[in-house]
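Enquirer: Quick note on numbering that gives the first Met the number 0: the sequence shown kicks off at 0 and runs consecutively.
No lab work stands behind these hints, which were simulated from the structure alone. Just so we're clear, the structure is a prediction, and the values are computed from it rather than from any experiment. You may find that some hints are simply not true.
To be verified - Restraint ranges, calculated between C-beta atoms of paired labels, are given here:
#1 D20 to G212: 33 to 39 Å
#2 Y539 to A492: 22 to 28 Å
#3 R353 to R506: 31 to 37 Å
#4 G212 to D424: 21 to 27 Å
#5 S84 to S157: 38 to 44 Å
#6 E413 to H531: 35 to 41 Å
Virtual Cβ for every residue (Gly too), placed ideally from N, Cα, C.
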Amino acid sequence: MRLRALLDTDALGLKLLGGEDELDRTVRGVMTTDLRDPSRYLSGGELVLTGLAWRRDAADSEPFVRLLVQAQVAALAAGEAELGSVPEDLVVACARHRLPLFAVHESVAFATITEHVVRQVSGERAGDLAAVVDRHRRMMTSGPAGGGPDVVLDLLGSDLDLRAWVLSPTGRQVAGPKDAEPALTAGVRAELAAEHLAATRTGRRAPHRVTVGSTTYSLFPVRGRGQPPVTPPGGRALQATGAGRDVRETVLSDWLLVVEADAGDWAEERLDLLYGVTQLIAVERDRRDAARTVRRRLAQEVLELVQTGAAPAEIAARLRVAAPVLLPGLGAAPHWQVVVARVEWEDGDEQTGRVAQTLLEEMLVDPHATGPEQSDRIAVAHTGEEAVALVPLPAVSSEHDGSEAGVLAETLLESVREPLSAGLDGDGRVTLGVSAAVHSAEGLRGALEEARHARRVAAARPGRVCAAGHQELASHVLLLPFVPDDVRRAFTARLLDPLRDYDRRHRAELIPTLEAFLDSDGSWTRCANRLHLHVNTLRYRVGRIEQLTGRDLSRLEDKLDFFLALRMS
């Protein structure tokens, strides 16, 4: 704002005593002081308010004014309450140094002037920044020339003095201000991401305010629209309603804008500006998602070939196409690793493959990476129920077999367990399985089965977020191909023939029921939903299976025997 505008506001009670030719100076802030030398606290452009307690005699005015001029303040306003009027020696000193001088009537509090200046300056800065944000949005919409979200975060810092970061749902830093010290630690980022997931999942309105230590942060979801989420009727956003399902589709993929400030008492204009910033960041997120299209398509093609039993030569041809895209410039054929993820909600909704796909793409990125480079080497496909990642690894040297190379299950969860566990508490689970590295197309089908079985092992464990790797699999999985045929036949006949005979006589579908029950990790609700049965009907069928075989499907040993029999049959 201009100094001239201060005189036009009668409520401020200001009278100009000198410096009429300098009234077009810009005021960038306000400071109240009675120090003899306040220069160390000045950065330039301030309106300095003083009660004149620093002045002992007329000789003090000249050095005081000289210090203000050297600090490049905009003007000085002296209160009349202490001395009854502004001393003539101060008026002369200000005139000599061309520093505008105002007298503040004794009936006007300095706080009134301070509040007015801060409000006007902040409003003007927000308007200037809004114009910059709008211009930047148009640039990014038409092409990548805008520079990404980092540029806007730097503008928030320079123009509104707001430190801000963009985080992924797992707490990884996607973007942040330059030279931000102290930076957000991994623990703080995980806590903020957890609060964001929990708040979004339960339908709380944004911005979500969180205090970590002694610092307050405000969290704004990045969803492509600058509007806060709406809590659906009933209060809980994750009930089996249309709105609830919408939240589930995005809660594990939304980025969040973290602002180091308490937005609870912000004016509507400033909130609108921050929502506009989230829209701008959403453009960048959509751009990165679009860049994944080719990698997703390659992964989907390979997955379909592997699942349908295509010839290894055909799968190898697809891998040769995928390798340059995922590992550009790689001379030798890479090893490949398979990671399977599933997101499961408490009400048994099984169409979660796309949600798991986006989450797995994020989880496979190095948590310390801040750019998109790492995710450029990950191809994730999905089915209705699960996501499957095809992770390329550089070919290992001959003295290593690759068994310890690549993604490790526990390492994968190390940085994401806290935010995901908090965000899913009471409503869902994430389970993952990781295969060993394979070096040919022939090994991919086994790697896929290995990863799926590892995920089932993880699903049997307590906790909201669990993973298991190939090292943890029981030896029977690796030994199955070497079991003699007569042993296979005897084992499977003893367990499955009674069920097959019963199915032939009664069309009871006990074998499909058993397969679905084991694949649902023994969950009655998920299995019933999958088979489109009432839970009581499912219990009747499982009871019949137990009666015909003499086994108990609540026992892990009997579940394992049935799993083996079905696998070998």
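Enquirer: Work down the list of hints and note, for each, if the structure agrees.
Expert: Results of checking the hints against the structure:
The beta-carbon spacing between D20 and G212, approximately 50 Å, falls outside the hinted interval of 33 to 39 Å. Range check, Y539 to A492: about 25 Å between beta-carbon atoms, so the 22 to 28 Å window is met. Our hint of 31 to 37 Å for R353 and R506 holds, since their Cβ atoms are close to 35 Å apart. One distance hint, 21 to 27 Å for the beta-carbon pair G212 and D424, holds here, with the actual separation near 22 Å.
Checked against the given bound of 38 to 44 Å, the beta carbons of S84 and S157, roughly 40 Å apart, stay inside it. As the Cβ distance of E413 to H531 is approximately 39 Å, the hint placing it in 35 to 41 Å holds.
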